[in-house]
Amino acid sequence: MSAVEEVVTEAPAVEAVPKRAMTLGLGTSLVVLGALVLAPLFVKNFIIFQMTMLLIYGLAVLALNILTGGSGQFSLGQSAFYAVGAYTSAILMEHAGMNYALTLPIAGLICFAFGFAFGQPALRLSGIYLALATFALAVAMPQLLKLHFVEHWTGGVQGLVVTKPDAPFGLPMGQDMWLYYFTLVITIGIYIASVNLLRSRSGRAFMAIRDNEIAASAMGVDVALYKTLAFGVSAGITGVAGGLGAIAVQFVAPDSYTITLAISLFLGMVVGGVGWLPGSIVGAAFIIFVPNIAESISKGLSGAVFGVLLFIVIFLVPHGARQIAIVAQQVLSKFKK
Amino acid sequence: MELFTNQVLAGIATGAIYACMALAVVMIYQAIDHLNFAQGEMAMFSTFISWQLMQWGIAYWWAFLLTLVISFVGGIVIERLLFKPLAKAPVLTNVAGFIALFAVVNSVAGLIWDFTIKQYPTPFGSSPFLGSQLISTHQAGMIGVTLLLLVALYVFFQFTRIGLAMRAAASLPESARLVGINTSWMIALGWGMASAIGAIAGILIAPVVFLEPNMMGGVLIYGFAAAVLGGLTSPLGAVLGGFLVGIFENLAGTYIPGVGNELKLPIALALIITVLVVKPAGLLGRPIVKRV
Amino acid sequence: MSAINLRLGAFAAALALLAATSSGALAQKKYDTGASDTEIKIGNIMPYSGPASAYGVIGKTEEAYFRKINAEGGINGRKINFVSYDDAYSPPKTVEQARKLVESDEVLLVFNSLGTPPNTAIQKYLNSKKVPQLFVATGATKWNDPKDFPWTMGWQPNYQSESQIYAKYILKNYPNAKIGILYQNDDYGKDYLKGFKDGLGAKAASMIVLEESYEVSQPTIDSHIVKLKSSGADVFFNITTPKFAAQAIKKNMEIGWKPLHFLNNVSASIGSVMKPAGFENAQDIISSQYFKDPTDAQWKNDAAMKAWNEFLDKYYPEANRADASVMYAYIVSQGLVHVLKACGDDLTRANVMKQAASIKDLELNGLLPGVKVNTSATDFAPLSQLQLIRFKGENWERFGEILSGDVGG
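Chains as they are written, first to last, in the numbering used here: chain A, 2 to 338; chain B, 508 to 799; chain C, 498 to 906.
If you are wondering where the hints come from, they were derived from the structure by calculation, not from laboratory data.
Wrong hints could be hidden among the right ones.
As the list claims (entries may be wrong) - Listed below are several chain B residues computed to face chain A (Cβ distance under 7 Å; list not exhaustive):
{"hint": "1", "residue": "L542"}
{"hint": "2", "residue": "V580"}
{"hint": "3", "residue": "G581"}
{"hint": "4", "residue": "A594"}
{"hint": "5", "residue": "A596"}
{"hint": "6", "residue": "G604"}
{"hint": "7", "residue": "T690"}
{"hint": "8", "residue": "V735"}
{"hint": "9", "residue": "L778"}
{"hint": "10", "residue": "L783"}
{"hint": "11", "residue": "V784"}
For every residue, glycine included, the Cβ atom is placed at its ideal position computed from N, Cα and C.
Could you build all of it, start to finish, from the sequences and the hints given here?
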């Protein structure tokens, strides 16, 4: 070994998850779907709103999961893509008077391009260096949004108030319920597309890079292309989630998209299980509801209670909700025998 | 020209803050091969402990020494209780653990000492240093202590058995175990030392930024940036990185027209990323070659 | 004297008559969601965690104050049930919590929720639901807009009118000043900046030599101060929150820059700004006030201050009395209690807004002598008076008259 170079066989930062194990079985999927479709009929509007947010954050966590669990790249900057998506939708709706549904694909495309472009310099970075670069992006985004020469469009420090859409075609449902089903359809669509993406040739390329970049490149995988592509796809989905978030919350402001959001999304991915797509919704539930539980236990120490609950979760299931699912599956298969 | 000199001097003074924190970052990276997001909060907590000791009437230097001991032990205890059980868990789960620790420490400090700012004394005084009003004696003292720490760390990692063992344990744990190094305790020791260095950083920073539970939030971002810029494996690089970030940030804020002032931090971060793209291991870091 | 008494007597008689007739007409009690014979449910949203957690103490003080009110028998026999949630200063979370308060907890009104972005996020929602968003805890100017948002009402003197007061003072006394400004780059800083420029009017461009902004994530503001000094400014308008205000005061002294220093009211606290920054560095700073600084020795034997101390001793003993937020919360809580008492047995949301919009010359414990709460159907800015103060020794010295600077929303 030469004095100036250290040679290491680096263990992959993300453990290998076989692609089959990334999804749920058909039966379970149908049960979950049924619950998601029927639940709003029985609860208050406020709960419907929370469920909408759950789906939206679920999408954003899913996007991070594709990036980290799929291609092994780490990002603490998802809040930046979320913000770009949210502002794209808000600006198109409020300044250009565009229909809310049409703004979402545009938000997704813009974020895809943004993510793809950001993926270029990020190619040269890995591990901690990539974490810092994405972190920098997340820190910079709120400051960029309030710059004086975009202020006219973004509303600067004051943000933009967004109008909430009514149900179309005279459907007999409230705004909240309509928005929930609208979000649900988009979420399911993106979920199915993501599952298929990971099962496709591209998905196999992602995972080959995740497990061993050098080996993947030796096998002829275009590492640079697929890594930036993973960034683009992830950013695009996050952008759609951001757009939906702006419509549901009816407000965008720099304070909504700080580094705290990026950290929350990251926690959601870890709690849900890195690389396990259905876990995204579990992770989203964690980042929405656990702070509420924490504050109901203690106002003054809500941060500490949240931290302790998080510790408990990662002690019990260091691999996230996926671990529970695996155990449940084993128990079930024993029963079948 | 006067403005230029002034901004460079002010940048060096601020850079000393970043350099101090960057050293603690390098220390923990050498020990565990990761960045610890809760490090700034741990340093803040240590600083509050020393403040509390002084409120109870203990003299500055005794409080300082006691705090170092408490922080060192505290760091080891945190590692043994919270992170040793996670040793086998995935890396990202450990990162979540750092975030949890961050939340706990910040919230507990807020409850005990509340969020109003506290004045923190300095042993160096705050009169102008060498006739320049831009650097106070405290800031000069801070640069001095940072350089001392730097030398101490360099000697520790280059020439002492334990320092070499610690580096081996972090970068090549398997091989280190084979030559009889207790890697588990090396990690705990690293936590203790990083925590103690963090305490020194906090105690030096507090007189400038005032003591309060959120005082390290911004400092940690710059500390990370400085350490990464200089190279995470090099204490000298970290200190250099700290001063460079401080100076560059001020110059960008002063001379880039239009957005410079509003975007000081993003511009500084963008520069660091550019450096990393060219030199992925930082300015003075050792390049790492991967093999299959 | 007797004439006045006579008139007062006649007025009281008329009032009694009015009360008699109206109570006849309103024999039965009227309630909206959140109010009943035994309880009034009040919602509140505070950043107990996250970057603005320093202000969480406001919610805690209010909770303590309503405990005191309940212990003393409540409001017209009804207990206040104060439901306060954490939004971590993140607008999406504020929306979630506001909806929880309105739709799940079913509160009568949302009181004193904190921060401009969080309040902006829920303003439209609360107005469409016709739920009062009463006495919001932000100094933005836009809350005084009864035409577009009849269910939203501000509380404290707004940032713009405060900085207009400084601008006018500078125009009058230092017409040739060269002004340097340091402001926080967010809604609060920009509101102050706008008011200041409006106040200077046409002379703003020639008088302001440098505007510097900083981000809250910055550890220090040293380099901005260095730049301001070299700009040659001789008047410094300091629009910063307590930590940065103290840094600026200290740094000014260290680098030997001695401008005429105007400090915003947000940081005009002796205990949490002047003392940490060093009294010797803070001499002659000019600011403005509308309530008594509890850390100012001149109020030591003041009746209101004694009442405040007794309240804290009994209901919130761990409070840091140097924290101006504690006094702020104490005063605004009294304001709410006044409104609820005035509502009598008609605890509908409409009546809450009506009573809140008809406060006349109300004096509350803790306000500076001469500062009064006033509202009307077209004036949704309860407090709009300030007095200039100058720091001397270890105290604030009030000077000039009580000034009022109403800036419409």
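Each hint tested on the structure:
This hint holds: L542(B) has a C-beta 6 Å from the nearest C-beta of chain A, less than the 7 Å allowed. Interface restraint check: V580(B) against chain A, minimum CB-CB distance 20 Å, threshold 7 Å, status violated. A hinted interface residue such as G581(B) counts as satisfied when its beta carbon comes closer than 7 Å to some beta carbon of chain A; here the least separation is about 16 Å, so the hint is violated. Hint status for A594(B) relative to chain A: violated, with the closest Cβ pair at about 10 Å, above 7 Å.
Satisfaction of the interface hint for A596(B) is found here, the shortest Cβ-Cβ separation to chain A being roughly 3 Å, below the 7 Å cut-off. Checking G604(B) against chain A: minimum C-beta separation of about 6 Å stays under 7 Å; hint holds. The closest approach between the C-beta of T690(B) and any C-beta of chain A is roughly 15 Å, which is over the 7 Å cut-off, so the hint fails. Annotation: V735(B) was flagged as interfacial toward chain A, and the flag holds, the nearest CB pair being 5 Å apart, inside 7 Å.
The beta carbon of L778(B) is not positioned within 7 Å of any beta carbon in chain A (closest approach about 10 Å), and the interface hint is therefore violated. Nearest Cβ of chain A to the Cβ of L783(B): about 5 Å, under the 7 Å cut. The hint holds. For the restraint placing V784(B) at the interface with chain A, the shortest Cβ-Cβ distance is roughly 5 Å, inside the 7 Å limit, so the hint holds.
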